[in-house]
Structure formats: structure tokens, C-alpha cells
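A.B. asks: The lines below spell out each chain.
Protein chains: 2
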Amino acid sequence: MDLLTSARVKPSRLIVGLMSGTSADGIDACLCRIKGFGVQTAAEIEHFSSLKYPETLKHMITSDLNNLGLEDIARLNFFLGNLLAQAALKCIEEAGYAIWEIDAISSHGQTLIHLPDCHHRVLPIPATLQIGDISVIAQLTGILTIGDFRPADMAQGGQGAPLVPYADFVMFRHDDLGKIVQNIGGISNLTYLPPSCSLDDVIAFDTGPGNMVIDATINLLTKGNLSMDTDGEIANSGTVNREFLSHLLSSDYFYKPPPKSTGRELFGIQYTQRIIGEYKGFIQKQGVVWDIKEHFKDIVATVSELTVQTIVYSYKTWVAPRGPIDQVILGGGGAYNLYLVRRLKEELESMDPNIQVLTHEDIGIPNTAKEALAFCILGNEVIGLKPNNVPSATGAQKPVILGKVAFP
Amino acid sequence: MDLLTSARVKPSRLIVGLMSGTSADGIDACLCRIKGFGVQTAAEIEHFSSLKYPETLKHMITSDLNNLGLEDIARLNFFLGNLLAQAALKCIEEAGYAIWEIDAISSHGQTLIHLPDCHHRVLPIPATLQIGDISVIAQLTGILTIGDFRPADMAQGGQGAPLVPYADFVMFRHDDLGKIVQNIGGISNLTYLPPSCSLDDVIAFDTGPGNMVIDATINLLTKGNLSMDTDGEIANSGTVNREFLSHLLSSDYFYKPPPKSTGRELFGIQYTQRIIGEYKGFIQKQGVVWDIKEHFKDIVATVSELTVQTIVYSYKTWVAPRGPIDQVILGGGGAYNLYLVRRLKEELESMDPNIQVLTHEDIGIPNTAKEALAFCILGNEVIGLKPNNVPSATGAQKPVILGKVAFP
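Chains as they are written, first to last, in numbering that gives the first Met the number 0: chain A, 0 to 407; chain B, 0 to 407.
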């Protein structure tokens, strides 16, 4: 019996999920015991660990991306395959398992570029590139490896993103409760699971900025001395400029109905530079003298409130009409920003006092392990030969099995 | 039952092999019916067809290779996936089969770069990049797709090449006969299969230039008016300069014991420019006036003879000591060069009058279909979950299953 079949027929499987996010800090590895497939899936985290990228690598795949040539890209694919294998082996060893006990590795890979558009003079075709070769991982670990999930969805006309909503569907779908899984990463995105929903009922989209604009504002105004608002302390000590907030809320993106997705192109450093300039002009027009020390806290509070308001607007406009919201499960770095959490709770309380607001931790999932866990679940479906995309979220023509398989 | 398992247990399988060579002319597709695995394999070609690359694409992946950026490479991977799917569908339709009758597609992909060395300032790791995404092929055809064979061998310390010797072993291995499968492409390479050999006994290596130096010489001396020696007519009308030939034969590569491989780096356009200059100097030193018209035929004859002599030297030095040579099966463009074929036959006749010299056509395999057929056989082994590399030829530490699998 082959490794794929033997993993399929086992009562439970041990899978290592590997995630390397767009921040390119390193690799998160999550070792899970999984039973069943689809909505019957039961996943339990056994161990979580991470492996930092060397600085030279981080530099190459962030700042230096536009200077990468063919040779760099080819070698990076193998180099990362090596690191991903190391991350998996480290996680397995720390968890106290032997290699032969592990059924599969499921790896997202490192996104170098994601191009759901067709804007190219010679090759007008959507494309994406996740590197970290799965044959390299399989050979260096001796474990069946699954990965490279996005191309199949794109070949079916989808955006190749988001992928995590499938795991949300499998993990959090409830017969009686309507749930929102709210991730506040650089960008904020949500998965809505109506009570006893089928895959077709799942809604998932990017609500707008998460921490991206907050972090960039702090970074720009402190000239790099600070990079984030730890615990939301800065925002909590500032005052939201309501008028300027209304101006920020006038962006077209917020009013576009889902499915929709966004990123650095819309809410990155250029956006932040522009709105800081606008804020300056705004308060000067009111006869107030611009003083960076005085206005720093207020502008951070204002862009933090932008995240809150765009999330809440999305719930009221696109989620509430589709079904009840009984539970909101917060995740991502923003789940640790006490300003964001407090304000979200206040707003949800005023929408409906019965909405329960939880974090992933509250339901036994370490916040940092969530995405790696999601790839355990996506890989588990490949073993079960079940489709694992969410066409209603990605825009794909049909449910398909995302991912490639490499034998050790 | 999944597609991989159901293909495995069938009495015979229909597999489409796809090959896109380094000349980047287009895609060769070969539809095969295959029974069994390993040395029990029986393969029969049902149809062969090819699809030309658009000129813009050909330009991008040959002349423009060093100018490719990250976005180009990502989009090329999807664009080629599309073309490979089209090539497979065309072959299947021409052969009169329905999609559901085909068990698998097995694709080599287009090599953009192959780097078995470690010469990189930040990423000192061997790598290779074959594009034409197999998830795209699987989704657009609805057929199980296998491909990207080289990385697994390289992860095991191998060169990721050559791959075809495995197919030679499966197709041509004989209980009583010792056989050389001699490919004369741009580079000449051979697979030697001793009588009743096991995989460990297989020898495979590049003997030196095939048509590469001949073609480049003709192209340079006719300023691009001719690109090859059709039927070997030019060489047949010239006279080999024995003294200059001895000079050419002094290159180190020819005396290096196998396993070894070479390419454009050693015998490309720069090599050819250099030896043309040397030839000129050589005959001028003999007091003869250089006349391009007069010496053209002789220099073509001389570089053609270089191909013959390096092949024959390899047989005598590295093959004959390992076992009997009963049959030589010629393939590649050089199998149509009547000068090369005549001279090889003469040399082999003088080695041993009983050596039988055949072409692939003589044993029912169209010369042009050979490599695509080889990938049917490599893919068939993935279905059978059998190793399909030749460690004695690639230098890999052990036999492994090369290739990744994408489900439709």
C-alpha cells in the first residue's frame, strides 16, 4: 500500500503543517493529530515550534525581491526546501516523535509573488509563486510531503486565495451557531460560517487594513524606533479624530461587496505616507499647529479605529443579512492589541449584547499556530482526496483538490 | 479508490508523456499504452504529436533568459502549464481517445536553468528549475498529472540528470545482449546496459559534443544562412584535417571517467568560435591561404569526426571493459546525419564486426517520440510507486521516486 493510501485508511494521522507568512520572519511548524475528513475532521495540536530565517534570506525575499534573477529564484526554491525540512524535523523531534510515525508534511511555502490579475504584455495570465520545493522536503525528511496549494485554484479561475477559510469551515462550523473567524493580521480578513452551513454558504473576504496601517504609521512617525503598538497602549492613550476617520472611511474598497481581497498595494507604506500628510493638512486647516509628539497618539488611535470600523461595517453590511452572528473568534497579531479588542467588543455589544467574543486561545488553539494548523487540515484533505478550496471565497469555478504530492 | 491507486491496479494504462527540450522549439507529446512496472514494463506508442511554441515565448526562454524577472518567471510557469495541457489534449484527441480513458499525464516541463554546482554567494546549494505547473495541467485537462522529476534526485545529492537512462533500462535491458543506447543531440550521451543488468550496472554519461559544435560551425561560417548539416552532406564532401582533429581531441573532458555531463558551457558558441579561429591559424601556419569557401567543408568534416571519435573512444575506454557491446541503438538528430552514422558504423565494424547498429525507428520507436516516451515510463513508475532514477548515472545517494503528483 502506498503512503498516501495508508495514511488515508488510518484511524488517525500525524501531520506537520508548515507556514511561512508574507512577513518572511521564518517558518511556523505545527504537529497535529487528525481524525476524519471534511466536516468530520477532528484536529488536535500536539506541538508547535518555529524556525527563524537567516537575515540574508529575509532580505532577499523582502527588500531584494525585484532584483532576484532566475538563478537566485531557482536556488532559493531549494534553499527554502531545506529550511522547511529542518523546521519540520525540529518540530517532530521536540514533540518526541520518530520520523516513521509522521504521516505527512503539508507546506504552504514562501510566497514570492501573487498575481491574480492578467497585466503582462506577453503573458496575460494569472499566476502565483510559492517556493520551498516539496520534493526536497520529502527527500530530506523521508516523509510524504504535500504543498503548493494555490495554483490549482487559480487554474480553475479562482484568486488562489484565501485558503484558510476551508480550515475554518472544517474546524469551527457549528450546527446551531453562526460564527465569524476574524483574523487581524497586516490585513483584516474574516470567515463567516452560518449555522449548519455547507461549503457554498461560507463567506470569506478581506475587510480592509488590520495592523498594516497602524504599524506603518508608528514606524514612519518614530523613524523606525518603534514598529508596532504593543498591547494597543499608544492607541489607548490617544483620541480618535472623528472627522479625519470619516475621511479615511470614504475609500472605495470598504464599500465593494465581497468576495474581495486587498494587500500592500492598497494599504501599504504609500497609503500610510499619504494619510499622514493628509492628517497634517487636516489639523492645520483647523488652525492647530502640527506637533508630532502631541498628535502621534491621536493619529495611531485614529488608524486603529479605522480597522475597528471597517470590520464592524463589514459585519453589519455583508454578514448580518446572511445569518446570525453568535460568536466572533479573534486571531492574528491584532488579537493582542487591547485597543482593537476593547473597541471591537464595545461595537459588537451595541450590535447585539449576546455576541460572544473569543480568541483562538480560548478554544485551545495558540494564536501563532493557527495558520500552520490550517495547512495540516488542507493537507489532510489531499490525503483523503477531498476538495479543499472554498469557491465562494476564491472565485474558483468548482471545488478541487489543491496541492501537489511528493513521495519520500 | 483514488486515481493513483486505480491506475496502478489496471492491467494496462494510457499515459501521455510531454517533453519540452532545451532547444525550446515546442512540446512533444507521446500517448502510450503501458503494462507492468520496472523491468516488467511493456510500452506501446499509440500516437505522437507536437505543438510549436509561439515565437515570443521561444524568445523569452532562450535569448531573454537572463532578463527574466520574478513576475515573468511566475507567469511563464502558468503559461507553459496551459500550453502543456493543450499539447496533451491535442495528442489525446488526435489519437481518438476520450479524456476519461487517459490515466495520467507525465511532463518533464521546460528547463529554465539547471545548476548542479554550488557557486552562489548567498545560497551555495545545487538547484534546477523546470516550469509548466503540473496543477495547471491537471486542472485544465482533468487528468492526473505527474512531473518535475529532477529536484528529488538533486535533494539526494545527484546531478538531477540524466533521466532518460532509466527509461532505456526499462525498455532495452536484455538478458543476453549488451546494448548501448546512443543519443546524438546537441550533446552526445549514452546509456550502456550490460546483459541481464540490474539498475546498479547501468552506465550513462555525456560523451562530448553531438550536433552542437557541427551546427554552430555551420551557422557561424555561413553567417546564419545554414543552421545544420542536412543528411551530413557537407561533412561527406569534406576532408577531415587529422592533425587539427588530434588537437581537438586533447580536451580534458574526453578523458574524464564517467559519471560526467557537459553542455553549452563547454561546447557552445564560444568553444566553436575559438576552434574556428584556431583552425584558421593552424592551416595558415602550414602555409595555406585561408579561404572560407574551400575550407568550410573540411572544418565541418573535422568537427563531425570529433563527435564520432569521442563516442568511439568512450566505448573503448569505459564501456567495453564493463561488458559486451552487441547492439548500438542510435537516436537524436545525429541519427539522421549520414556522415556520423556511416563513420560510426565503420569504426564499430573495426572494433567488432558483430556489433549491430540500429536506429530507434528500426525497433518501432519514432526518433522524435523517444524522449516523450521516456517520460511516459518515468511517470508510470510514479504510479507504481517505484524508484525511477539511476543513481550510478546521476550520483544520487539512493534510488528514489522522482516526480510530483497533482490530482485533477
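To be clear, the hints were calculated from the coordinates, so they are not data collected in a lab.
Certain hints may be false.
[What the hints assert, rightly or not] Simulated crosslink set (DSSO-like; lysine-lysine; CA at most 27 angstroms straight-line):
1. A:9 to B:34
2. A:222 to A:315
3. A:279 to A:296
4. B:9 to B:34
5. A:397 to B:34
6. A:9 to B:9
7. A:284 to A:296
8. A:89 to B:397
9. A:296 to B:397
10. A:385 to B:397
[Claimed, not checked] Not everything, but these chain B residues come out facing chain A in the computed CB check (under 7 angstroms):
11. 8
12. 69
13. 128
14. 220
15. 221
16. 223
[Said to hold, decoys possible] Facing chain B, a subset of chain A residues (Cβ under 10 angstroms, in silico):
17. 256
18. 257
19. 309
20. 311
Beta carbons: idealized from backbone N, C-alpha and C, even for Gly.
A.B. asks: Broken hints, numbered, in rising order?
C.D. replies: The structure conflicts with hints 1, 2, 5, 9, 10, 11, 14, 15, 16, 17, 18, 19, 20, although it agrees with all the remaining ones.
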